[in-house]
Each structure stands twice: as C-alpha cells, then as structure tokens.
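Throw the hints in and build the complete structure from the sequences for me.
Those protein sequences? They're chains A and B, same order as listed.
Each residue of the first sequence is one higher than the one before, counting from 37 in the numbering used here.
Each residue of the second sequence is one higher than the one before, counting from 12 in the numbering used here.
Hints in this document: simulated from the structure, not taken from any laboratory.
Warning: the hint list may mix true and false statements.
[Unchecked claim] Interface residues of chain A toward chain B, partial, derived using beta-carbon atoms under 7 Å:
hint, residue
1, Leu66
2, Asn67
3, Gly70
4, Ile71
5, His74
6, Ser76
7, Glu80
8, Gln84
9, Val87
Using N, Cα and C, we set each Cβ at its ideal position, and we do this for glycine too.
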Amino acid sequence: MKLNDTTITALQKRRELIIIGACFLAAYLLNVIGIIQHKSPAKELVTQLHVVLLVSLAFYGTVILLRILYHVISRLWIRK
Amino acid sequence: MAAAGLFVSGMPWLKDLYAQDGLKTVKLGIIGPGSRGMLLLEHLKSVPELEISCFCDDYEPHFERAGQFLPGAKGYRDYREMLEKEQMDGVVIAVPLHKHKEITVAALDAGLHTFCEKAMAKTYEDCNEMVKARERNNKILYIGHQRIFNTRVLQAMKEIEEGTIGEVTQMRAYWHRNNDWRRPLPSPELERKINWRMYHEYSLGLMTELASHHLQVTNWVLKDKPDYVMGSGGINYWKDGREVFDNVNLVYHYPSGTHVIYDSMISNKKYGMEIQAMGPKGTIEIETGYQFSEQPPPAAGIIQLINNLEHKVFDAIPIGGASWVPEDPSEDKGTYLLDKLLKTDGTDVEMASFVSDVRNNRIDPWLTQQGFYASIATIMGFEAMMNHRIETWPQGLAI
Chain A
37 MKLNDTTITA
47 LQKRRELIII
57 GACFLAAYLL
67 NVIGIIQHKS
77 PAKELVTQLH
87 VVLLVSLAFY
97 GTVILLRILY
107 HVISRLWIRK
Chain B
12 MAAAGLFVSG
22 MPWLKDLYAQ
32 DGLKTVKLGI
42 IGPGSRGMLL
52 LEHLKSVPEL
62 EISCFCDDYE
72 PHFERAGQFL
82 PGAKGYRDYR
92 EMLEKEQMDG
102 VVIAVPLHKH
112 KEITVAALDA
122 GLHTFCEKAM
132 AKTYEDCNEM
142 VKARERNNKI
152 LYIGHQRIFN
162 TRVLQAMKEI
172 EEGTIGEVTQ
182 MRAYWHRNND
192 WRRPLPSPEL
202 ERKINWRMYH
212 EYSLGLMTEL
222 ASHHLQVTNW
232 VLKDKPDYVM
242 GSGGINYWKD
252 GREVFDNVNL
262 VYHYPSGTHV
272 IYDSMISNKK
282 YGMEIQAMGP
292 KGTIEIETGY
302 QFSEQPPPAA
312 GIIQLINNLE
322 HKVFDAIPIG
332 GASWVPEDPS
342 EDKGTYLLDK
352 LLKTDGTDVE
362 MASFVSDVRN
372 NRIDPWLTQQ
382 GFYASIATIM
392 GFEAMMNHRI
402 ETWPQGLAI
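This is the structure in structure tokens:
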C-alpha cells in the first residue's frame, strides 16, 4: 500500500484553532448560563472547567461530523 | 488507634488511653483463650506495661496454644483455682455464653476488674446477678461490645448527636452471612463443646452472638432501652440438628415511638451487615460509615443545564400529569464519615481502654449499662420469637 505525504497548511491550522476556540467559548458560555439559571456558586466558573472542556470536545466533534457530511454531499453533488 | 484520639474529648471512657508516662504494670489473667480469646490476647499484647500472668482453659488444644503464646504465664484447667491462687488486677473472660455469669460473678467477688465477652448471659436473672456483683464489689465490668470504641461508630454517633440527620425516626439493622456457622470437629463427641452456639443449653444463637452488638448501638443511638419487642424466627435452611434459629426477624419498640427493625440470617450474604439510622434530614450507615443527605447538594449549574436540554429534546411530551411517581431510591452515593478507611473494629482500643481503666481504677457504670441493656434486649427478642408473644422489658431491670 502506498502512503502519500500530506501537508497541513498554516491556514488550515489557524482555522482549526479558531473552531476549537469557538467551541470552548460556546461551552464556557453554557457554563455561565447554567450558573445564572440555577443560582450555582460563582466558583463553578473555575471548578467546572473539566466539564467545559468535555462539552468543548463534544461541540468540536459535532462540527467535524457536520463538515465531513458537507464534504461528502458536495462531492456527490459535483459527480452528478 | 491515633484516629481515636480525635474523639477522646467527647467520649469520657476513652480518656488517658494513650498516656505513656509513669505507667504502673497491670497484671491480667485470661479465662477461655479459644478463638475469640486469642484475638483478645493479640490485641492485649500491644498494650504497654501489661503482663498476662496466667490463663485457664479446660480444652486441651486451647490450653496448649495459650501456653505457647504466653510463655512464662501459669496455666490452669479450673478457673476457681486460678482466681484463688493468682495475684492480679483483672481478668478477661471469653468462654461460651452459658458460663459467663458463673465465672464473671466469681471473678468480681474475688475482687478483680472483669472484662467479659458479649452477650452478658442467657437469662435476665443471670445478667442482673452480674450487674449486682459489679455493684457490690465496686469493680469494673466491661462487656465486649467493641463498637463503643470503634472510631467510625464514634464519628457516626457524633454526627447523630449534632443533628446532621435530624431526630432519628427509624433504625434498621441486619447481619447476614452465608455459612453453617459451625466449627470443624476433631472428634464427634466434642460437637456440643465446640459448636455450643447451636444449642439452647449454651447460647441463644444469632441473638446473643450477633444481634447483641447491633442492639447495643441502637440503644446507644436512641439513648434508651426498648420497652417491647415482637418477632419471629425459625430454621429454614440449616436443618442439621441445630436448635437455634438460622433466621431471626424482630421489631423493637422504644418509648419515644421509634422502632428498630432487625433481622439476621445465615443463608445469604448479599447485604452483609449494617446499622441504619434514619431521620428527616438524612441517613447514616453506621457499620460502613457513610452518610446520606435527604437533600444532596445539587449538581453543578452546567450539568443541570445540559440535563434540562437533554430532557427537553428527548423526553416524551406529557399529555396529563402522572398519577403515580415511583419512589425510587436516592442515587446519592453518600460521604464517608472519616478521612481515611478504618479497618479495625474497635477491639484493639477496647482492650487498651480496659487495661487503662484497670490501671487507674476508673469505674464507669455506663459501660456496664450498655452491655446490660443490649443483653436484656437480645434475651427479649429470643423470648418473643420462642413464645410467639410480645415481650416487654422486664420490670425492675435497670442501672
């Protein structure tokens, strides 16, 4: 089996970092809303960071799935 | 043992236990170095400035084993000879139940501080005679309820007394095993001597050998003694010629209106043993040392938010309100009462405490009272089951 070299460009890296950052911000915002809505102690802004990270990962995973779906549909559309 | 020091201030019978300066050597003897007796000796061996000067057993293998364990100690086959000939401060008694009263009264009348294994005795009268012997000789009488000295139990008591779970409105206790409760026999004619727990002539079975411990704790928690008990017992599995029940089921009523629901069996061990104290604010499981709140702290805000979103997305839309909601058990995992797991059951501290009290001639009738009330409660339970009647606390029995 022949394996090809792949190159991740600086632009791609930056785009992924921006997406990850956006996911983290969205998850953190969820934490803030949760604290306000449920009158939880403010210390949860820090103590629940592990949950925020997990939610960020879940968001990022969802974004990846949506992007894969978008690429698959686009390719099928072009072939037609 | 160090952890027990935390509770010393609140538990008067534990004070001075760990003082090491200027100790006077205490001389003790032991009567009945069988399996339990040897365990007591193991604990006594680590107590400073203590000499076990003599031992007594009428069963040859136990006599020989004790002789090897206590080189230099004088061995006797008759406890009366030992009490008569030996100069000592106190005696530890770990013989079968039916011999407790006779030997304890003789030891107290010989002027010795006495530790006797639980339960006190087989009958109300015998228990009372033991108490009277203690009073007339003004000596220490410990009954071997080691939970009084167990750090985990002490912490549970502290939490209950501080009102963490509110007023205790119900207690449940159970002790389940899955074995025949028999000891191996070197020869068949020793059946009644070795397996004395199986026969009414020597024991009240699960009540005196196991329930006694739990009833001591329930009396302690409820700061009272039961006024009546009802119950039922039987032999439904180990039909091997034994006389004592292999399952007992009892409800004790206390004057406050609180009940203790107790059961014990030896054909299933899934639930092991536990003593549960329940109140409007929470539950404490005393044996394992866990505390559960009726209103556990809510989950973090973000978790609640995610749960709410999940319910909104995935739950069915209700058309009308539910007419019945199942009373599912709380999912609260509870919090452990101590900082670290404790493996000892309190017997080590109990023995150290006995030696310390003997050394200081410190007589605490409360300790005898705990043993007395627990023993009376066990006999009440036995009588209720045997006679199929509600058994009330015998009039006039109190310390």
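Status of each hint after checking the structure:
The beta carbon of A/Leu66 comes within 6 Å of a beta carbon in chain B, closer than 7 Å, and the hint placing it at the interface holds. Hint on A/Asn67 holds. Least Cβ distance to chain B is approximately 4 Å, under the 7 Å limit. This hint holds: A/Gly70 has a C-beta 3 Å from the nearest C-beta of chain B, less than the 7 Å allowed. Annotation: A/Ile71 was flagged as interfacial toward chain B, and the flag holds, the nearest CB pair being 4 Å apart, inside 7 Å.
For A/His74, the suggested interface contact is upheld, since its CB lies about 4 Å from the closest CB of chain B, less than 7 Å. Because the closest C-beta pair between A/Ser76 and chain B is about 3 Å apart, less than 7 Å, the hint holds. Proximity of A/Glu80 to chain B holds as hinted, the smallest CB-CB distance being about 5 Å (cut-off 7 Å). A cut of 7 Å between beta carbons decides the hint on A/Gln84: the least distance to chain B is about 5 Å, and the hint holds.
For A/Val87, the interface hint holds, the least distance from its beta-carbon to any beta-carbon of chain B being 5 Å, beneath 7 Å.
Checked against the numbered hints given earlier, the structure satisfies every one of them.
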